[in-house]
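Sequence lines, in order, name chains A and B. Once you know that position 24 of the first sequence is 23 in numbering that gives the first Met the number 0, the rest is easy, because the numbers rise by one and skip nothing. Once you know that position 260 of the second sequence is 259 in numbering that gives the first Met the number 0, the rest is easy, because the numbers rise by one and skip nothing.
Because the hints were derived from the structure by calculation, they are not lab data. One thing to keep in mind: the hints can contain errors.
Unchecked claim - Listed below are the simulated BS3-like cross-link pairs for lysine-lysine, each with C-alpha atoms no more than 30 Å apart in a straight line:
id: 1; chain 1: B; residue 1: Lys79; chain 2: B; residue 2: Lys272
id: 2; chain 1: A; residue 1: Lys17; chain 2: B; residue 2: Lys96
id: 3; chain 1: A; residue 1: Lys17; chain 2: B; residue 2: Lys79
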Amino acid sequence: MRALTANRLTDGEVVFWKAGAWVERFADAELFEDAEAGEAAEASAKTQQTVIVEPYLIDLIESESLWAPLSYRERLRALGPTNHLHHGKQAEGGAAIEALQHASGAARSSGRVNLIKRK
Amino acid sequence: MYRYDTLDKEFLADRAAEFREQVGRRLAGEITEDQFKMIRLMNGLYLQLHAYMLRIAVPYGALNPTQMRALAQIGRKYDKGYGHFTTRTNLQFHWIKLADAPDILDALAAVDMHAIQTSGNCIRNTTADPFAGATAEEIDDPRVWSEAIRQWSSLHPEFSFLPRKFKVAITGSAKDRTAAKVHDIGLMMRRGRDGAFGFEVIVGGGLGRTPYVGPTINEFLPANRLFSYLEAVLRVYNRHGRRDNIYKARIKILVAALGAEEFARQVKEEWEKIGPAGDLPDTEIARIRGAFVPMDFDTLVNRSEAFEAAKAADPALARFARNNLREHKRPGYTIVEISLKAIGETPGDATSDQMDVVADLAERYGHGDIRVTHEQNLVLPHVKLDDLAAVHAGLKAVGLATPNVNLISDIIACPGLDYCALANARAIPIAQDIARTFADQDRAELIGELKIKISGCINACGHHHVGHIGILGVDKKGEEFYQLTLGGSGAEDAAVGSMLGPALPAGRVAGAIDTMVDVYLRERQDGERFLDTFRRTGVTPFKEAVYADAN
Chain A
0 MRALTANRLT DGEVVFWKAG AWVERFADAE LFEDAEAGEA AEASAKTQQT
50 VIVEPYLIDL IESESLWAPL SYRERLRALG PTNHLHHGKQ AEGGAAIEAL
100 QHASGAARSS GRVNLIKRK
Chain B
0 MYRYDTLDKE FLADRAAEFR EQVGRRLAGE ITEDQFKMIR LMNGLYLQLH
50 AYMLRIAVPY GALNPTQMRA LAQIGRKYDK GYGHFTTRTN LQFHWIKLAD
100 APDILDALAA VDMHAIQTSG NCIRNTTADP FAGATAEEID DPRVWSEAIR
150 QWSSLHPEFS FLPRKFKVAI TGSAKDRTAA KVHDIGLMMR RGRDGAFGFE
200 VIVGGGLGRT PYVGPTINEF LPANRLFSYL EAVLRVYNRH GRRDNIYKAR
250 IKILVAALGA EEFARQVKEE WEKIGPAGDL PDTEIARIRG AFVPMDFDTL
300 VNRSEAFEAA KAADPALARF ARNNLREHKR PGYTIVEISL KAIGETPGDA
350 TSDQMDVVAD LAERYGHGDI RVTHEQNLVL PHVKLDDLAA VHAGLKAVGL
400 ATPNVNLISD IIACPGLDYC ALANARAIPI AQDIARTFAD QDRAELIGEL
450 KIKISGCINA CGHHHVGHIG ILGVDKKGEE FYQLTLGGSG AEDAAVGSML
500 GPALPAGRVA GAIDTMVDVY LRERQDGERF LDTFRRTGVT PFKEAVYADA
550 N
């Protein structure tokens, strides 16, 4: 399972793709079971230059019957910094946030790999 | 303190207006992200994990109260009420909106500040001794030379597109509080045989992927020949530095490849071509020096009865005095170090309210002078001993009286994976864990000077290579692990640390430090620091203890 993420141009906020638009909560993100559908969304996202910056697909795993990003970096993006738990998206709390906090998958984030490739 | 002239002010206002227009064009879709990225980086604006980050230059770490209050206000209005002081003595805001950035640059320009040359392959902010103008150790005030370098290197057309970024550090004395030997250029002030002063020039130090303690390429450069010599060094680098591989582009790689002697020869050859015409006239140095005239100090005796009585009555003040005060050149004055390393807090962070209090204290008791150190602390360089109890009380009221400067809980940590797009692992929670482990101040004082430095990736913003104990976050198949190094130093006895052994998971780092501290306390002789004991014993006893524990 995958989701599509980016940062919003105006404020840098982490956002997730949902049916052609962008939402702030990971819990509201569109999930792609089908690789082609995800890639089509990514291609479409890349044309939204005035809305977002640097879209990329992230892999997901199951956590507490919900989905969570597989890589730690992506979970941090979906939650906020661990030194200020009242900053970022995690401040809202609730089951969806807790599922992300308890997820334990490990993998390199494709966002980080892309960043290194671009340098 | 140096004040901007009309030209400087007009330039900054123009630059902010230009950036406002560029942001407008980006938001309107007239320029692409690829086109815009370079422009925003040239104004210090990075895109990180959760938001934009604005890195503001604090030239040679010096701030006046008006500037500090402006930073506090920016933190309050545009960020989340705080800022983060860095190892380059700059300030970063981590929650900036692109749309707000032009207003922030205007607010900075209003107090003679900006974010120019805090990114990109140019000459970055010069680090200077944070005790400049206050310590009796200094031969000359390094701020004079740092300010001259600032003016010379700002928008220097020949050096705005170097192979890679370029960092200079200056000490005013033999004592190094700037990590000069691990800079692209380190300038250490020296007194010549004839009494004139000059600089020992160290080139090609650096951290990151390939750490080097820089070699000395000139034992004594007369101070009045500094700028032609800097130009020669930069020219040789600009001409021969590698542009094909970002990991081999820093000057340290060139100096290592050529050898220090050959590099020095090429610099000398270039320097002779440039000649004294490339130097700043003495009148210009004198003009800049005029901005750093000695403070109007009172004539005092070197003992304050008020301070002694306050210390006797308040053990917390006595502890603060033991750990956070340094000797001032004038009797009756002291240098106050303000730790931004409260136990369990984020190293280098200061809230807007704390910044305001530091500004108020500097204004009321500290000749309006504030410094930022590369160890992510602040300094009030000129405080009367008579006023110390009041300053301590003011700091304590906002959680800034942590008495741990140079102790084990005074830890450098980069923002790491909690914020930074480049990081592999978090640095801040590791620092918090270690600080909590050594929260007992009596034990921390018993351990003595021990510098722990943590980076969340190999770029080494947290200076881990030169930590007495260095910690590097690495990504092992997507999990955070930490490599420990021992025996590094960023001071005048600079050294790159040696690897302890296999990387440890996050949960084991603080415990491993505790184990190594026990080894040190067992092994140390005659007042040795941790670093001295390590240098005598080598890595073996520490390694055996840490990895025996792991079994």
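Taking the hints in turn, this is what the structure says about them:
no. : hint               : verdict
1   : B:Lys79 x B:Lys272 : 52 Å, violated
2   : A:Lys17 x B:Lys96  : 23 Å, holds
3   : A:Lys17 x B:Lys79  : 28 Å, holds
In this structure, the one hint that does not hold is number 1.
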